[in-house]
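Protein sequences appear in the order of chains A and B. Numbered according to the numbering used here, the first sequence spans residues -9 to 194. Numbered according to the numbering used here, the second sequence spans residues 541 to 703.
Because the hints were derived from the structure by calculation, they are not lab data. Hints should not be assumed to be uniformly reliable.
Per the computed footprint, the stretches of chain A lying under chain B, defined by three or more beta-carbons under 8 Å from a beta-carbon of chain B, are [said to hold, decoys possible]: (1) 63 to 76; (2) 106 to 115; (3) 120 to 128; (4) 135 to 146; (5) 150 to 158.
All C-beta atoms in this analysis are idealised placements derived from N, C-alpha and C, irrespective of residue type, glycine included.
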Amino acid sequence: MSRDRFGWALVALLGALGLGMVGTGVTVLSSNPPRPSGAGTPGPARPGPAVPPLPRADPVAVSIPAIGVDAPLVAVGVDDRGTLEVPPVDKPTVAGWYRHGASPGETGNAVLVGHVDSAAGPAVFFDLGRLRPGDTVRVSRVDGRVASFVVESVASYPKDRFPTDEVYGPSTSAGLRVITCGGRFDRSSGNYVDNVVVFATRIP
Amino acid sequence: MKAQRVLVSAAVGVGLGTLLLPGAALADTTVSPASTPVGGTVVLTATTCNPKSGDALFRVTGPDRDQNVRSTTAAAGGGLSAELFTAGFTLGTYTVAATCGDGSAAGSATFAVTPIGGAPAGAGGGTGGGGSVAAGAALLGSAAGGALILARRRRHAVVAATA
Chain A
-9 MSRDRFGWAL VALLGALGLG MVGTGVTVLS SNPPRPSGAG TPGPARPGPA VPPLPRADPV
51 AVSIPAIGVD APLVAVGVDD RGTLEVPPVD KPTVAGWYRH GASPGETGNA VLVGHVDSAA
111 GPAVFFDLGR LRPGDTVRVS RVDGRVASFV VESVASYPKD RFPTDEVYGP STSAGLRVIT
171 CGGRFDRSSG NYVDNVVVFA TRIP
Chain B
541 MKAQRVLVSA AVGVGLGTLL LPGAALADTT VSPASTPVGG TVVLTATTCN PKSGDALFRV
601 TGPDRDQNVR STTAAAGGGL SAELFTAGFT LGTYTVAATC GDGSAAGSAT FAVTPIGGAP
661 AGAGGGTGGG GSVAAGAALL GSAAGGALIL ARRRRHAVVA ATA
């Protein structure tokens, strides 16, 4: 009889553990980064309203009200392999500005990058794929000015087909590109397979 | 009448000027592609330079760089071209200004030397629920199996006791 009692206790324990793991897994699965809807047409910036370009100045913070982002910015370059640097993974709420490109508001495409998640969970640009054309992005600069941009499109690209020209290429107007990871997480490489890119143009 | 004659003369003058100075009127320089990951090659073309006038000279200026590149081939679509290898280039935007062999300016263009590929901007902390769900389901299955076995054993014991 005591063996049966032990058996039932074991069954109860296994059941509770199983339920807990399933619950946790379902919660995590439902919090995967949102995928872009594909709205808008990625590509070269369309001519927006005529806004005089700003002089070069380092950006210090980015705000994206539609997804609740309000983050400090640090300057980033490239790593030893020539790949775009990202802010330290232990600072998942910080975003980066690609310092070899234009500064936000200056003529050319300014590039911001931030983590979609860290080992601990969602990071600064987790909801970037949720943005839609018409949403706004505001970048505060060290000179006290704020450069505002309107989202034209949001798209996802496999990392081996990254749209280098559209992101970093020369432009005659002030644009903004915001990058994070997306798609499936490849555990063997420890990386997401896609990049999510937001294309935005400057507005007054 | 006199004003009309002046206008016609002016128009003829502009037309002749355009014909005689095509380089000045249609000056153009292109860089293809407009951006390249560092270490890539871009093709500089001065589309209006006449190869018979001598080599074109491309002046490449940008972050930490000011170098001249001489054209090496006649471009398929007209003009003169040179290849530029960007290994060792600092990342950033560069301007290319071309001068034809006859000394005429042939316009300018820009290109960007960029990082390689996309950005590694995630650690997978927002994913991975699949493994947890599978393990949890396995545990639930084990619990159900165990419960079934225990229930059968109890039923057998009751039957044996009443027999």
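Checked hints:
no., hint, verdict
1, 63 to 76, "holds (count 7)"
2, 106 to 115, "holds (count 9)"
3, 120 to 128, "violated (count 0)"
4, 135 to 146, "violated (count 0)"
5, 150 to 158, "holds (count 6)"
Violated hints, in rising order: 3 and 4; the structure is consistent with all others.
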